[in-house]
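**Student:** For reference, the chains in residue letters:
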Amino acid sequence: MDTASYRLEWRELALWRGDRCLQQSLTGRLEAGQALTVRGPNGCGKTTLLRTLCGLSQPETGEILWQGVAVHRNRPDFYAHLAYAGHTNGLKGDLSTRENLRFAAILRGRHTNQNELLHGLRLTACADLPTRNLSAGQKRRAALARVLGSGAQLWVLDEPFTNLDAAGIEWLGKRFNHHLSLGGLLMIAAHQASQVEPDRETILELPGGDT
Amino acid sequence: MISAFLLVLRRELTVAVRRWSDLVMPLMFFIIVCTLFPLAVGQDIEMLNNIGPGAIWVAALLATLLSLNSLFRDDFEDGTLEQLALDKEPLSFMLLAKTIAHWLVTELPLVVLSPVLVLAFGMPVDAIPGLVLTLLAGTPALSLIGSVGAALTAGLRQASGLLALLLLPLTVPVLIFGARAADLAASGQSIAGPLYLLGGISVLALTLAPFATAAAVRVSLD
Amino acid sequence: MWTWFHKLASPPHFYRTATVLEPWLFWPALILLGIGLYGGLIVAPADYMQGDGYRIIYVHVPSSYLSMFSYVTMAVASAIGLIWRMKLAFCVAVACAPIGAAFTFLSLVTGAIWGQPMWGTWWVWDPRLTSQLILFFLYLGYMFLRQALAETRQADRASGVLAVVGVVNIPIIHFSVEWWNSLHQPASLSKLEAPSIAADMLWPLLVMILAYQLLMLALLMTGIRAQVLEREKNARWVGELIGREGRGA
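Residue numbers (my numbering), protein chains in the order written: chain A, 194 to 404; chain B, 97 to 318; chain C, -1 to 247.
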């Protein structure tokens, strides 16, 4: 990973779902080596915030800047540094884990060795099965493997710990800290503790949506 | 950009081959609709001869419509569509690869199968090359225009009726020129005029539709 | 220029502008409609071939024209909304749809009524009528797509893409239908291509077209106001507006 320091900023974001205003005036920034954990009750807009920051959803108002440039004006540069895993795993059910990961890696122009990742996520045994036959936890780990092996500077993960067992959570926490120590950026939405070293972590507590 | 295009194309074809039963469905539909015409209008060979070219084109259009339903919906539901939208390569290019894969696995088999139906409608054997040419020139436009509609309805369940309402008016020109060219071919005349028009529509769709599809996918993901 | 643009882009200002314009469009439309109908139904002479049957053009032609005009307006407004992310442009586009669909329907019905004395049947696959029918389906597609998408913002953008795709397609559809017709009905009598139309018949037609145009714009203003209110229903200025009007009544 290169040492250039990256930053993501957002200013005065307002998030709406239909007629309902979820959040207003969200301003913040995330710099190299930092993690942001988004918390809050169900329906407060955690997922919407992450999707908006990735440029998948448009904010009602406000702007999002990657390296000081508006994200929607500079998709190729922003997306070259972004890896996202949402609620859906982004895996083709008819392809095996290995094939899915290879597709994602080649698309990013990388030819990394997947075996170490697959081993760490304990996916080696089922790496050649179609992902439709995997358990929910295995699918989740395969989706995480895609992000972890992406080489991207900014990881955005929506509920990464869902369906993981205790060992998996601990292993993932180590990977997070390793990523941050290399100057990476991390943003997660989670109900659990994020496993990130406290001095690197900022917690964004979103107020409840139902008013 | 080219390698991303080829990569998506290859993945789509791999998935399509592994789900071959989904591929057969539009093809079966195509044949069954064509069989319905003689059953409905009677076996008068002259009548079948007359309606044959039009019937084959209508059946091809309906079969395409059936197959378009799932063009983006599966990818929308399993999250691979949003992964494409988050890639540094242009989304329109990768969606074009998907659309071309769709053409290769659903439209091309229809084209290959159409000679059998020419015979079933009692049309002369000489009509076969002409009909195949019109289908080759016109079906890319169906896939491309269809991809816009499929992208707009990707996030909706039970959208097949809506998809038909959105797409059938837009595909009227393809149907008109295609059926007319097939008709000319059946009566042994030159099909050059409508064939060029069909090709023109396909080229126009090729240049414009991917951008509309990409815009529609981004809206559906929002 | 930019201040004007920004002012127009603010919902309350937009709403007020539409409110002010509405009567200035509506009453002239009504007056012109009266003049046009008087001219068309009473002053204009009967046609030597079609008798009095031709008089339906005074409704049919303006409706057909406005069915197209509304679609183009809808597509242009949608394109502005999509490109500059202007939410108010979508208000215009959405307001256009039912108006345009109504004019298209009117054009189809009057075309069918006209067909009865001219051809002896209610429906002929005349190229103009066929194009109108397809246009009607395009409008229905637009409205049903909006219906299917629950979220306003998503519905705006999705239906906007559809409108733009539709407007690119309309000339191709027209051309293909004309072409198709020329093959199947070589001797078709096209209704609008009367070689020379008497001045007595022409001026009421022009007045009617103008009247319809103004009427359409007046209806558009009403539609826009409804859209703006619907979307801004939680905004303070709407509350104040309703309060004031409530007291006034």
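These are calculated hints, taken from the structure and not from any lab test.
Treat the hints loosely; a few may be bogus.
[What the hints assert, rightly or not] Here are the computed lysine to any residue pairs in the SDA-like style, where the Cα-Cα straight-line distance is at most 20 Å:
1. C:K85 with A:G302
2. C:K231 with C:M84
3. B:K184 with A:G302
[As the list claims (entries may be wrong)] Between beta-carbon pairs, the in silico distance windows are:
4. C:E149 with A:D392: 39 to 47 Å
5. C:T15 with B:R114: 53 to 61 Å
6. C:F142 with A:D392: 50 to 58 Å
7. B:T110 with A:E256: 35 to 43 Å
8. C:P96 with A:A263: 31 to 39 Å
9. B:L204 with C:Q145: 34 to 42 Å
10. C:F142 with A:Q217: 53 to 61 Å
11. B:Q254 with C:S8: 48 to 56 Å
12. A:R204 with B:G296: 41 to 49 Å
13. B:R114 with A:H265: 33 to 41 Å
14. B:W116 with A:H312: 27 to 35 Å
15. B:V299 with C:W82: 27 to 35 Å
Please read these numbers as outputs of a predicted model, since none were measured by experiment.
For each residue, glycine too, the CB sits at the ideal point set by N, CA and C.
**Student:** Could you say whether the range 53 to 61 Å given as a hint is met by the Cβ separation of T15 (chain C) and R114 (chain B)?
**Tutor:** The hinted range 53 to 61 Å holds for T15 (chain C) and R114 (chain B), with Cβ atoms some 58 Å apart.
**Student:** When you take the CB atoms of R114 (chain B) and H265 (chain A), is the distance between them in 33 to 41 Å?
**Tutor:** Given a distance of about 36 Å, which is inside 33 to 41 Å, the answer is holds.
**Student:** Using the C-beta atoms of L204 (chain B) and Q145 (chain C), is the stated range 34 to 42 Å upheld?
**Tutor:** 35 Å, holds
**Student:** For the pair E149 (chain C) and D392 (chain A), does the Cβ-Cβ distance stay inside 39 to 47 Å?
**Tutor:** 40 Å, holds
**Student:** Verify the CB-CB distance for W116 (chain B) and H312 (chain A) against the hinted window 27 to 35 Å.
**Tutor:** 33 Å, holds
**Student:** Measuring from beta carbon to beta carbon, are T110 (chain B) and E256 (chain A) in 35 to 43 Å?
**Tutor:** The hint (35 to 43 Å, Cβ to Cβ) holds, given that T110 (chain B) and E256 (chain A) are roughly 40 Å apart.
**Student:** Determine whether the Cβ-Cβ distance between V299 (chain B) and W82 (chain C) falls within the hinted range of 27 to 35 Å.
**Tutor:** 30 Å, holds
**Student:** Verify the CB-CB distance for P96 (chain C) and A263 (chain A) against the hinted window 31 to 39 Å.
**Tutor:** 36 Å, holds
**Student:** Measure nothing beyond the straight line between the CA atoms of K85 (chain C) and G302 (chain A); if it is 20 Å or shorter, mark the hint as holding.
**Tutor:** 38 Å, violated
**Student:** For the hint 50 to 58 Å, verify it against the beta carbon of F142 (chain C) and that of D392 (chain A).
**Tutor:** The hint (50 to 58 Å, Cβ to Cβ) holds, given that F142 (chain C) and D392 (chain A) are roughly 55 Å apart.
**Student:** Regarding the pair K231 (chain C) and M84 (chain C), is the alpha-carbon distance no greater than 20 Å?
**Tutor:** 18 Å, holds
**Student:** Is it true that the C-beta distance of Q254 (chain B) to S8 (chain C) lies inside 48 to 56 Å, as the hint says?
**Tutor:** 39 Å, violated
In terms of the numbered hints stated before, the structure departs from hints 1, 10 and 11, listed from lowest to highest.
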